[in-house]
Amino acid sequence: DAKTTQPNSMESNEEEPVHLPCNHSTISGTDYIHWYRQLPSQGPEYVIHGLTSNVNNRMASLAIAEDRKSSTLILHRATLRDAAVYYCILRDGGGGNKLTFGTGTQLKVEL
Amino acid sequence: ETGVTQTPRHLVMGMTNKKSLKCEQHLGHNAMYWYKQSAKKPLELMFVYNFKEQTENNSVPSRFSPECPNSSHLFLHLHTLQPEDSALYLCASSQSGTSGRASGANVLTFGAGSRLTVL
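Just so you know, the sequences run in chain order A and B. Here the numbering used here = 1-based position in the first sequence + 13. Here the numbering used here = 1-based position in the second sequence + 544.
Wrong hints could be hidden among the right ones.
Some chain B residues close to chain A (C-beta under 7 Å, calculated; not the full set) [said to hold, decoys possible]: (1) A583; (2) L587; (3) M590; (4) L634; (5) A649; (6) V651; (7) F654; (8) G655; (9) A656; (10) G657.
Derived CB-CB ranges, DEER-like [claimed, not checked]: (11) B:L571 to A:N69: 21 to 27 Å; (12) B:E597 to A:D80: 33 to 39 Å; (13) B:L571 to A:P20: 46 to 52 Å; (14) A:L52 to B:K566: 19 to 25 Å; (15) B:L663 to A:E24: 35 to 41 Å; (16) A:K16 to B:T560: 36 to 42 Å.
Using 25 Å as the maximum straight-line C-alpha spacing, the simulated SDA-like pairs for lysine to any residue come out as follows [to be verified]: (17) B:K585 to A:T18; (18) B:K585 to A:R71; (19) B:K585 to A:D95; (20) A:K111 to B:E568; (21) B:K580 to B:V604; (22) B:K584 to A:E58; (23) B:K580 to A:P30; (24) B:K596 to A:E58; (25) B:K566 to A:E58; (26) A:K16 to B:Q581.
In case anyone wonders, no lab produced these hints; they're calculated from the structure. Glycine residues also receive a C-beta, built at the ideal position from the N, C-alpha and C atoms.
Go ahead and model the full structure; you've got the sequences and the hints to work with.
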């Protein structure tokens, strides 16, 4: 599986936008970019995913670089409930059932 | 409630015990997964089942024995575990493509996990 690189931790203030970066320089043409987050004492939950174009949903936006070697998860207005570990993962679009998690980014949100 | 239910939520067992973890999904998915999450470590994929057939075994010791009787249920049978096996065990499910392999767009839905402590 192609690897991703994320900062270990980031901090944000409540009500402000948060940009969580992810580098994936070895991404292949069929890899989808997935983001999950894990709140304390819970299992991971799906946030958003994309292939080439930027994506928006009710939780977040995903901005994908033109060369697809990096992406950014955007939380438009962080709340205390967004404090979690955010994982950027590449999922093989050519098949296979693996989804390999890295260490993710611990997001801290302060008042 | 995610649609993936894991029981028990907490389990304490001795090294000589035999116990099982159960996972049930109500999402109509046909792929199911076991992950292990140890303290301060990334999630580790253990097993994947697709249409009840095991498609991934990530070099998991034989003291962990998975069972998938149908696409909605997944078990993890535990026997003669070690204290280092103490961890959060997470079950997930996803849709699979018509070829039986997951599409890159298919997302995983996780349960809340079973917290296992081995004494």
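Which hint numbers doesn't this structure obey? The structure conflicts with hints 1, 3, 13, 18, 23, although it agrees with all the remaining ones.
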